[in-house]
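So the protein lines, in turn, are chains A and B.
So that you can map any letter, position 102 of the first sequence is 102 in this note's numbering, and since no number is skipped, the others follow by simple counting.
So that you can map any letter, position 44 of the second sequence is 44 in this note's numbering, and since no number is skipped, the others follow by simple counting.
Honestly, I wouldn't trust all of these hints.
Far from chain B by the CB rule (all over 12 Å, computed), these chain A residues [what the hints assert, rightly or not]:
(1) Ala22
(2) Gln96
(3) Lys118
(4) Arg138
(5) Pro177
(6) Gln187
(7) Leu196
(8) Ser247
(9) Gly267
(10) Asp302
(11) Arg313
Now the in silico label distances, taken between C-beta atoms and shown as ranges [to be verified]:
(12) B:Tyr22 x A:Trp245: 37 to 45 Å
(13) B:Ala243 x A:Ile304: 37 to 45 Å
(14) B:Val217 x A:Arg145: 53 to 61 Å
Short derived list, chain B residues pointing at chain A, Cβ under 7 Å [to be verified]:
(15) Trp25
(16) Ser28
(17) Asp30
(18) Pro142
If you are wondering where the hints come from, they were derived from the structure by calculation, not from laboratory data.
Glycine residues also receive a C-beta, built at the ideal position from the N, C-alpha and C atoms.
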Amino acid sequence: MAAALAHVAWEPCLVDAQRDRALESYARRKLGMPMPNIRYFAPVPWLARAMIDLHPEFGLLRHLDHSDADVIALVVSQENSCRFCHAAIRMMLWAQGLSEARIQRIEQDLSRAELPAKTLAAIAFGRAQSRVGPQGAREARQELRKAGISDEERKEIAFAVGFTDFSNRIHTIAAIPSHSFERMPDQIHVRLLRPLLKRIVQKHRFRGRETPLEAMPSYPYGGLVKAYAGSPIAPVLGRTIEEMWASPHLTRRCKLLMLAVIARGLGCEMCVAELGGALQQEGLDGAAVTQILTHLDAPQLDEIERLLVRFTRETIWYEPAAIQRRARALRDRLSGPQFLEAIGVASLGNGLCRMGAMVMDHP
Amino acid sequence: MISAVVVGAALVLTAILAGLLYREWRRSQDLRAQLQAAASDLEHLQRACSRLAPAGVVQRLVADGVQRDGGPVAERKVATAMFVDLVGFTAMSERLEPAVLVRVLNGYYQRMSDAIDEHRGQVGSYIGDGIVAYFGALQPNPWQCDDAVRAALAMRAAIRDYNAELDREGLPPLAIGIGIHRGLGLAGLVGSNDRREFSFLGSAVNLAARVQALTRVHQVDILVTEALRAELDESFILAPMPAERVKGFAEPIITYTVRGTLADGNEQATMKAL
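Chain A extracted, bound-state conformation (with noise of 0.2 Å):
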């Protein structure tokens, strides 16, 4: 069914899936469903539960409508090449009651799609937030004001935006097969299974209440947490940036490296401040973190950050095949642990930066 990135090449997975029941009992009871996907991921305990909290639809979102959070994750999966995303959001899609042809005009082309100027400029929006990162932020906010969309849901568009971003590089990064997503529509008993799919969905997908923030974050990206405050996503956004730093596969500095060169790739050169000031109290001195931001190298760094610094790079913008290759050799040089890691925190490093710049305007 997934026709519209059917073309794009995938490897063989990278990594072995673990059953982790106490996990998957957790997605189900919160999703409704079975969450295979997250098997994957198990060994790295954050990196699993982000996937399953940061999910905007299960109570997160106050303002944006579902469907549109729903076309928007469609449209920046496809922009990703992310295979699995593109078909698992495709499935719900379709399970929610849209026709083939309609989310085939979505896909080809969103002026035959027949949706209103609102969620067409909320997909333009999360588009530029995707593509062109904190550059094309400001021009992107001032599209949206004139389309009546409010602050707050601007914020929510932006969070939708931002965890597909870090759901489309977990999957394609570690080429999580996509097939059987692909297939599901397809298959008889599915389609005849398509009512209660709807139904389950519904029933479990719900709109988030205001949430206070009850602490105030200090660790980088804090600042976007507080952004939020108020909003169902602050504290969940807040517990998955926490138990980031604070699983121990790889180094706070190995991390913060990591994140300093997204947004340094992506040009938010407030991020790369707050990133560089972190890397400073971790001992590295500041022209150390320049050479390091400039040139990707420097002989203040292990050989675990050396590769990852290198790898980081290659995820902020690139093509599934080539990233998947780069990330075999990674692999091949790191423990399982680390390797997953590292895929969740360059993921999830690609999406709050791209996040923050238009949550909070960064130049």
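On the provided structure of chain A, position chain B as indicated by the hints.
Leaving out everything else, chain B in the frame of chain A:
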């Protein structure tokens, strides 16, 4: 009697249900076949397109939709331009059979393009025996200067390996000249309504072409400008060349040849020898 009617009705209903299921199954098989054919067509089309333009440009065209007014919008940006020329190609073309010449030339293009792709560059066009490539023109790339010079070093190594192959076939060796410069230009799809290509335009590109021509004057294979050198990692081993006047530029142009990198053991030996 009643039970016979019920059984009969159940059988009829079962038959209808089976018929519906069969029809649905056939429909799904037909749809799948159609989609597979469409996907295969798309794949062929994309492969064909990627021979005519950088893969990234093709992807953006696919994402944006091919528009009559020219597809992705042109942007003014700082990028790095690389010109590559095959030294002595004219003499070689007179000596070799056309079929052999085309095979040698295609092998050269493939190796050079692979080195450029591997280092995040985009081949803009092939001009005769020359190649024009850009770094940071399609997507923002703050590491574009290091990437361009690493690509040039990879091209040097690829030509060395290719020459060994050509030698085994009794064919003459190839030599290249590469000029690299970084500066402001206009990046986008340029051309007529019928045919467009991704280009990076401006005086920065002209200077890269002039610098490439200087490789023959200085008898070296890789030359970079002062502007590019200022952005390079210190791990590259460079040697200054005498300033030269070039057409279209008022001031003499200072260039540097690239010997290698400190990370490369062989190049360390080279540096000691220097």
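A quick look at each hint next to the structure:
no. : hint                            : result
1   : Ala22                           : holds (36 Å)
2   : Gln96                           : holds (19 Å)
3   : Lys118                          : holds (21 Å)
4   : Arg138                          : holds (15 Å)
5   : Pro177                          : holds (16 Å)
6   : Gln187                          : violated (8 Å)
7   : Leu196                          : holds (16 Å)
8   : Ser247                          : holds (28 Å)
9   : Gly267                          : violated (6 Å)
10  : Asp302                          : holds (16 Å)
11  : Arg313                          : violated (7 Å)
12  : B:Tyr22 x A:Trp245: 37 to 45 Å  : violated (57 Å)
13  : B:Ala243 x A:Ile304: 37 to 45 Å : holds (44 Å)
14  : B:Val217 x A:Arg145: 53 to 61 Å : holds (56 Å)
15  : Trp25                           : holds (5 Å)
16  : Ser28                           : holds (5 Å)
17  : Asp30                           : violated (10 Å)
18  : Pro142                          : holds (6 Å)
Of the numbered hints listed earlier, those contradicted by the structure are 6, 9, 11, 12 and 17.
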